[in-house]
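Enquirer: Just so you know, the protein sequences line up as chains A and B, in that order.
According to this note's numbering, the first sequence is numbered sequentially starting from 1.
According to this note's numbering, the second sequence is numbered sequentially starting from 1.
A portion of the hints provided could be inaccurate.
To be verified - On the chain B side, residues computed to face chain A include the following (Cβ under 10 Å): (1) Gly-81; (2) Pro-83; (3) Leu-85; (4) Lys-91; (5) Lys-92; (6) Ala-113; (7) Tyr-183; (8) Pro-207.
Claimed, not checked - With a cut-off of at most 27 Å between alpha-carbon atoms, the simulated DSS-like pairs for lysine-lysine come out as follows: (9) Lys-171(B) to Lys-250(B); (10) Lys-71(B) to Lys-338(B); (11) Lys-199(B) to Lys-221(B); (12) Lys-372(B) to Lys-241(B); (13) Lys-122(B) to Lys-151(A); (14) Lys-151(A) to Lys-91(B).
Source of the hints: derived by calculation from the structure; they are not laboratory data.
Quick caveat: nothing in here was measured; it's all calculated off a predicted structure.
C-beta: ideal position from N, C-alpha, C; glycine also.
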Amino acid sequence: MTRPRSSVLLVVAVLAAVALIVPHTTSFAILIVTRVLAFSILVMSLDLLLGFTGLASLGQAAYLGVGAYLTAILAARYQIGLGYDFWLVIALGVIGGAALAAVFGLLALRATGVYFLMITLALGQCVWGLAYRWNSLTGGDNGINLPHRPKFGIDLADPVVFFYVVFGFFALSLLIMYTLVRSPFGRSLTGIRERELRMKILGYNTWLHKYLAFVIAGAFGGLSGVLWAHTAGIVSPDNVVLTTSVDALLMAVLGGSGTLVGGVIGAGVVLFIREYLSTLVHWWQYVLGGVYVLVILYLPGGLMSIPERVRQWRAAQSGASGASNFATMGR
Amino acid sequence: MTGNLVRRLWLPPLAAGLLLGVQVAPAAAQQELHIGIIAPVTGIFAQVGADMLNGFKMYLEQTNSNFAGIKVVPIIEDSQGKPDLAVTKAKKLILEDHVQIIVGGVLATEGYALAPVSTAEKTVYISSVTAADDLTQRQLGNYPYFVRTSWTSSQPNHPLGQWACDQGYKKVAAIAADYAFGYESLGGFQKAFEDCGGKIIQKIWPPIGTKDFGPYIPTIKSDADAVYSLMVGPMTLQFPKQLRQSGYTKPIIGGSVSYDEASLPFMGDEVIGDVSAEQYSAALQTPANQTFVKNYRAKYGKVPSYFSESNYTTALMIDDVMKEIGGKWPGSEAFIAKLLALKVDAPRGPVSLDDMRNPIQNIYIKKVEKTKLFGYDKPELWDVVVKTYPNVSQFWTYGKDAFLKQPVYSRDFPPCKYCE
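Chain A extracted, bound-state conformation (with noise of 0.2 Å):
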């Protein structure tokens, strides 16, 4: 992030011309892009933890299960959350995945390291096992259906209205959370990720920070399960099982964590290889794996990290070229 006010400009041209773009393409691609921004925030969300505080978490998309059995349970059971009360649930299924994160974080942060990872994946599977064999609750395998997109003056059964709403809420997440790792907090994050006994010593109270951030991070999980509840209208244990978790894990990594916009970046590749490229060839795995190889050897940053790596590579043109480049350098 050496030109913070580009960057941010950069992402606002972007968004805005996803926001302009996206409804006039066919009604196909605006579900795919619902649904890359609806579980991009969940991504985020992960990579609050990952990037900035230094917290590996194998067990996230329990908070997308609660927020999205929350939504299901409600609307299918209860007929709430499917006119102005839809509200009333994003509220529930944030204060849900922040509660549940309250719980597991009081559990998993007593460990670093592997030891954490494999604490929040235990955690994660146990929210699966949850769905998976409370039938009475959750349908067991067979999964909630929901009966319908909420409507409210809005009706969000249409693909574009559904479109913006999810793309609100996408931006609003964003602005938060970046507003958030921008923060003294989310610099005292940083540090904790960087050398936490020197952050101990200076005083902070490491653990209450790092427990902090796990529950907004749940918070954010949670709002991403409502969205994606109704993305497709069901519900079932595929949502909350390890490989959900290793998905956004994995999407963190790919765009590059530690900058928020690579998780983005990182889930629009991943769904649209798998959702949309599947449509058109039978390869799409190679291809898929295939990103993942390169820039695991090439990109170790993630795609996030092109640009570095171009400027970089220019510097390095330049420099050959006989030109004093300590300026750029310095930055």
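Mind docking chain B on chain A? Use the hints.
Expert: Chain B alone, transformed into the frame defined by chain A:
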């Protein structure tokens, strides 16, 4: 700085435009019937998906994709075994490819996910595999555009329960995959078996995907006369092998797909003598089936499974409806009405649909034997038919109204009265 920014700005919108602007084929022409097929081409159910698609494609090739003058355009989409992706793909098929019919779905959860889409989009959805009982029972009312050409999970298990009782088995221990398909299969078996005087003395629920049955096998009660097993996917190969290796010698009665031809060619000789029940057997000794098996095997190198036959027959039924109507798409409602009135002679035998839109068909009790069939020169494992229950409906002998009064079979229904 500004120039740099401009240079950096043009790329992403261009990329976005490229990604999103890709338009898929134009709307259906008049003389084409677009059929969307949703099957798992990748993932752990890929073998099943291949069997499904091969069955459907074989019928299209035999008819040159010409259904009463209309050209059939199949559009295959990969659900990857995920329900929400199945929905996404179904919407793509309906909104962009303008398909008139959607066929497919494997898992119960895909069926439950796709049926509401068919209602919302007023598009015919034919389930050629998905067996979840309630789709054609207590929930059918929600899905006016849904028809099933395959079976309900419990349908072959009712006759199997009767058959086990007729063999003189008094007590049976059951082990079944822990999800709706397992509950409904075992539920049907238990209901018929206990109504006839048998006793299910134990229910064991290994999770779906279990490969090591070591923790479960020793708990099987020794006073059981036989074991009922309901396995899916890779579990079908592991369970009989491990049970026999443990020294168990009593009969195994398998529910439906436990010994289906999707897995049978990959099994060892230890399964010889095991019994199962299904609406299809590749070893069925009818001229129609013999031709079907030989053609299929010559083409795809494998004996057809029920997954293949079911999709072949689905294509056949669509063709028959089109012939009757005279080669013009009549609209969803009229198509379904004609389909429901249809009677076909499929490789599996005579098939017609009941008023709850599920097939009435023969159920075959099958015993695995190593034998030579249809002139193939090597002895192989075949599901040889030992008894046929003709024209079995999803309600067995209970009658529709009485049957629908009871809840859908679940882990707790019917209750295990004789479990200790």
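Enquirer: Evaluate each hint against the coordinates.
Expert: Against the structure, the hints:
1. Interface hint status for Gly-81(B): upheld, as the beta-carbon distance to the closest one in chain A is roughly 8 Å, under 10 Å.
2. Of the supplied interface hints, the one on Pro-83(B) holds, with its beta-carbon coming within about 5 Å of a beta-carbon of chain A, less than 10 Å.
3. Checking Leu-85(B) against chain A by beta carbon gives a least distance of about 6 Å; that is within 10 Å, so the hint holds.
4. Given hint, Lys-91(B) at the interface with chain A, holds; its Cβ is 6 Å from that chain's nearest Cβ, closer than 10 Å.
5. For Lys-92(B), the interface hint holds, since its Cβ comes within 10 Å of a Cβ in chain A; the closest pair sits about 4 Å apart.
6. The beta carbon of Ala-113(B) comes within 4 Å of a beta carbon in chain A, closer than 10 Å, and the hint placing it at the interface holds.
7. Taking 10 Å as the C-beta cut-off, the interface hint given for Tyr-183(B) holds, the closest approach to chain A being about 8 Å.
8. With a cut of 10 Å, the hint placing Pro-207(B) at the interface with chain A holds, because the nearest CB-to-CB distance is about 8 Å.
9. In summary, the hint linking Lys-171(B) to Lys-250(B) is supported, as the alpha carbons are separated by about 12 Å, within the 27 Å threshold.
10. A hinted pair counts as satisfied when its Cα atoms are at most 27 Å apart, and Lys-71(B) with Lys-338(B) qualifies at roughly 19 Å.
11. With a CA separation close to 13 Å, the supplied pair Lys-199(B) and Lys-221(B) stays within the 27 Å bound.
12. A C-alpha spacing of about 23 Å is found between Lys-372(B) and Lys-241(B), which places the hinted pair at or below 27 Å, so the restraint holds.
13. A threshold of 27 Å between alpha carbons decides the hint, and for Lys-122(B) with Lys-151(A) the separation of about 20 Å falls inside it, so the pair holds.
14. Restraint check for Lys-151(A) and Lys-91(B): the C-alpha separation of about 20 Å stays at or below 27 Å, so the hint holds.
Checked against the numbered hints given earlier, this structure breaks none of them.
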